[in-house]
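Enquirer: Residues per chain are reported as follows:
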Amino acid sequence: MGLLGQLLYFSVHPNQLRSILQWKIWHDPVHIRNPQKESATLQECFKYLDLTSRSFSAVIQELNPELLVPIALFYLILRGLDTIEDDMTIPLETKEPLLRDFHNIIEKDGWTFNGNGPAEKDRELLVHFDVVITELKLIKPAYKAIIADITEKMGNGMADYANNAEFNADGVNTVKDYELYCHYVAGLVGEGLTRLFVESKLANPALLSRPELTESMGQFLQKTNIIRDVKEDFDDKRRFYPKEIWSKHVTNFEDLFDPKNLDAALNCSSEMVLNALRHADECLFYMAGIKDQSVFNFVAIPQSMAIATLELVFRNPAVFKKNVKITKGDACQLMLESSTNLRTVCEVFRRYARRIHKKNTPKDPNYLEISIACAKIEQFIESIYPTQDPKQLALAQTGDIDPEKEKKKAEDAEAKKDIFFLLLAVIGTLLVISALMIGAAYLAGARFDVAIDEIKKGKIFPSFDKGSEAAQAVVNQQDHGEL
Amino acid sequence: MAPAQKKTLGKVLVIGGCGFLGHHIVDLLLESYKGKFSVLDLRCTRNRRPDSDGVQYFDGDITSLSSILPIFEKIKPDIVIHTASPAAVGESSQSKTKLRNAMFKKVNVDGTACVIEACQKVNVKALVYTSSASVISDTESDLVNADERWPVVTAQNQKEYYSTTKAVAEGLVLDANRSPAAPSLLTCAIRPAAIFGEGDVQLIPGTLSAYTTNKTGFQLGDNNNLFDFTYVRNIAYAHLLAAYALIATSESPEPIPQEDKVDGEAFIITNDQPVYFWDFARAVWKAAGNQKGTEHVWTIGKDVGLLLATVVEWGTWLIGKDTPFKRRVVRFSCMTRYYDCSKAKRRLGYKPIVSLQEGIQRAVGFWLEEQKREGDKKGQ
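Residue numbers (my numbering), protein chains in the order written: chain A, 1 to 483; chain B, 1 to 380.
Accuracy of the hints is not assured; some may be wrong.
Derived, one-sided and incomplete: chain A residues facing chain B with beta-carbon distance under 8 Å [said to hold, decoys possible]:
1. Asp-292
2. Gln-293
3. Ile-372
Each pair of labels, with its calculated beta carbon distance range [claimed, not checked]:
4. B/Gly-293 x A/Pro-205: 34 to 40 Å
5. A/Lys-325 x B/Trp-317: 54 to 60 Å
6. B/Thr-323 x A/Lys-325: 29 to 35 Å
7. B/Gln-202 x A/Glu-244: 36 to 42 Å
8. B/Val-201 x A/Asp-235: 37 to 43 Å
9. A/Thr-387 x B/Lys-326: 25 to 31 Å
10. B/Leu-30 x A/Asn-163: 35 to 41 Å
11. A/Ala-145 x B/Gly-293: 50 to 56 Å
12. B/Gln-361 x A/Glu-244: 19 to 25 Å
13. B/Gly-293 x A/Ser-247: 48 to 54 Å
14. A/Asn-163 x B/Glu-31: 46 to 52 Å
15. A/Asn-163 x B/Lys-345: 42 to 48 Å
16. A/Pro-205 x B/Ile-256: 53 to 59 Å
Derived BS3-like pairs: lysine-lysine, alpha-carbon spacing no greater than 27 Å straight-line [unchecked claim]:
17. B/Lys-261 x A/Lys-391
18. B/Lys-302 x A/Lys-358
19. B/Lys-106 x A/Lys-176
20. A/Lys-363 x B/Lys-215
21. B/Lys-378 x B/Lys-215
22. A/Lys-231 x A/Lys-321
None of these hints come from the bench; they were simulated from the model. Values in this document were obtained by computation on a predicted structure and should not be read as measured data. Every residue gets a Cβ at the ideal spot worked out from N, C-alpha and C, and that includes glycine.
Build out the structure end to end from the sequences listed, making use of the hints.
Expert: As structure tokens, this is what we get:
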């Protein structure tokens, strides 16, 4: 979109522009990283973070200093792993041992890798991977152990998938396989992050005893991406929609992209959305366990983006033609709302759940199930932020004194008193000022006695026509002189 | 669905066992439990099990102790499940409403008092009463994720007399728990929210009449209001769980901790799947064969709807007719009314055994069959 195009767009969508400006002007990071105090290698790490991730880089850099470097390095290591796994120019014999051994590689001083194809966009990171390794040595051992553990699990998972010929030829079969795949690429990241949050005491340790909540966080994000990227992945000859779902709607996976099967394709995509939506309540529950504002923003922003993306792709035919994305204005709006508190994030979830519900149609085979899933989100939010209070309702019924109402009455009385004193103060001030002014006028020689006499005679307004002729003459003379 | 090994319940008497909910309870008893089952109903003609199932049927009128006491003495039940209640349908004219209300009072309040007395006289161990989730709804105010802490609507605030009688009866039953008159009798109440299923005469036929008369093109309110509809089988299941829990309590050597207590308690029962009000109706229409989406739907706001209904009500009153389009209906379809059934989940181990989708499928399937049978009859 050129500048002119953007101008036109924003002139009809002023809210979008407003959100962008608000974010740019008013967003106040909880923490700001200070590059001056960083070593050269660490600065370089952040350079690669910027290069490899535009969306995550910003939120990572606003993290609490305790976790800033560990999470940045965690991201870079997983990105490194991903860059090896993703690159189809690397032969399997080279790839597999690298993936399986990556948790040891990150301990090897000076290790770099230049085996990526020239087209690989993140190849630079691996070419200079030694900086990541250098910095990893400097973080707290507890954090390092968590990072290494997740790296090992994920590396093995990726190697298994790279080896799995069936998976590579036919994609994912069952919903269970689909969720296992999402576990390896996203659930594990979530597990690592939760452990880092709890280790640093920035999250409630209870999160560790409810691993399904962490898992839902990862599943929700990954499934949303998979649903949104279906066309892009298909063009890259990858398919992640499980056959168990798409085969209910079309005979062959490629039929989804044929415009004449649009209805079936939409039903398929909405079943995928339904499957993802079921994680939403657990995601909200998880976020309730975060204690630190910067960590909250870090986890909540992607979640809000995900529910908004689900709404965007839901029953949207464009998904099968191109890669759809939420607008920049919406993204800014969501970032603003997600960097406040859980209640606001709940409002975001409720808003988008209702939008999905509004788009839902009885023609969809999963009509009722989708409606129930949206309602479940609303019910969950209600369970943590109830709008009704049974005690109040009971009091209202019996007509008894309601403590809340009494409190309000007392507050109102207090407010009335305040207003009385305020008026008193205003009148007092006016009196004092008037006295001062009158006094000053008196000292300056004002003839109040004359004025009072005049008023006594009933002449409120001064009359000039009554002046004596002599006086008039003097005035006239003076006037001529002056002019 | 049914427990792998059938649990034993002993002698169970289902009052109203030929009614809509009652006969589903009898079906589930036979499917999932061992014991000796009897039914007491005003007239045991419909919804009877075949004789081979061994269910004993007794005709009796619960509003008269002398009518039911001999039956109680004969059966000597361990468990009584009291489901008998007239259907909560409104009447058109004032005089009919008066009659109807008198009947609500007679059956629900006086009848339940008789049942309690009979239970106390023959040493029944457990009495499970079918109350209604409407006891906490005044039919106008929203109920948002309401649970058992919500107050029972008092008679002067309750606009639906049926609900008042259910609330009074529920109070009688719960007061009878471990009462001095018979300390060994344990009681509890089940409060189902908007029951539907095979053989229901209210929700499913009412919803489908809009479809058969081609009125699916209207929507009152913004359809953001959530509502609970509960499939009858799940409610039957909750009754049996409650009966089982009461027996377990009465046999338990140790007192049950307060937070696990079942006796003397009321339990809200839902499908645990609230939905947007009109989505339920559309799912029902769809199950009956409706192919339409929502493109043709006209949305009428609540205020406009109330205004229109007022005009229609007056208009039809003037010409001496009745209309289904009442202010009450408008309020109902714009109201939020859903519950949190966690207490039943926690204390009874309740979990819906049939999903909302499956329930709708079964209920509408049954209704379609029935229509066909009636059509065939007329054709003959």
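Enquirer: Evaluate each hint against the coordinates.
Expert: Hints and how they fare:
1. Asp-292: Violated: closest Cβ of chain B sits about 30 Å from A/Asp-292, beyond 8 Å.
2. Gln-293: For A/Gln-293, the interface hint is violated, since the closest Cβ of chain B sits about 28 Å away, which is over 8 Å.
3. Ile-372: holds, 5 Å
4. B/Gly-293 x A/Pro-205: 34 to 40 Å: Hint violated: Cβ distance 49 Å, outside 34 to 40 Å.
5. A/Lys-325 x B/Trp-317: 54 to 60 Å: holds, 57 Å
6. B/Thr-323 x A/Lys-325: 29 to 35 Å: violated, 51 Å
7. B/Gln-202 x A/Glu-244: 36 to 42 Å: Given about 38 Å between the Cβ atoms, the range holds.
8. B/Val-201 x A/Asp-235: 37 to 43 Å: Given about 56 Å between the Cβ atoms, the range is violated.
9. A/Thr-387 x B/Lys-326: 25 to 31 Å: holds, 28 Å
10. B/Leu-30 x A/Asn-163: 35 to 41 Å: Given about 54 Å between the Cβ atoms, the range is violated.
11. A/Ala-145 x B/Gly-293: 50 to 56 Å: holds, 55 Å
12. B/Gln-361 x A/Glu-244: 19 to 25 Å: holds, 21 Å
13. B/Gly-293 x A/Ser-247: 48 to 54 Å: violated, 24 Å
14. A/Asn-163 x B/Glu-31: 46 to 52 Å: holds, 49 Å
15. A/Asn-163 x B/Lys-345: 42 to 48 Å: With Cβ atoms ~44 Å apart, the hint holds.
16. A/Pro-205 x B/Ile-256: 53 to 59 Å: violated, 32 Å
17. B/Lys-261 x A/Lys-391: Within the cut-off at roughly 22 Å; holds.
18. B/Lys-302 x A/Lys-358: holds, 18 Å
19. B/Lys-106 x A/Lys-176: Given that 27 Å is the threshold and the Cα spacing comes to 56 Å, the pair is violated.
20. A/Lys-363 x B/Lys-215: Holds - the C-alpha atoms of B/Lys-215 and A/Lys-363 are around 18 Å apart, at most 27 Å.
21. B/Lys-378 x B/Lys-215: holds, 25 Å
22. A/Lys-231 x A/Lys-321: holds, 6 Å
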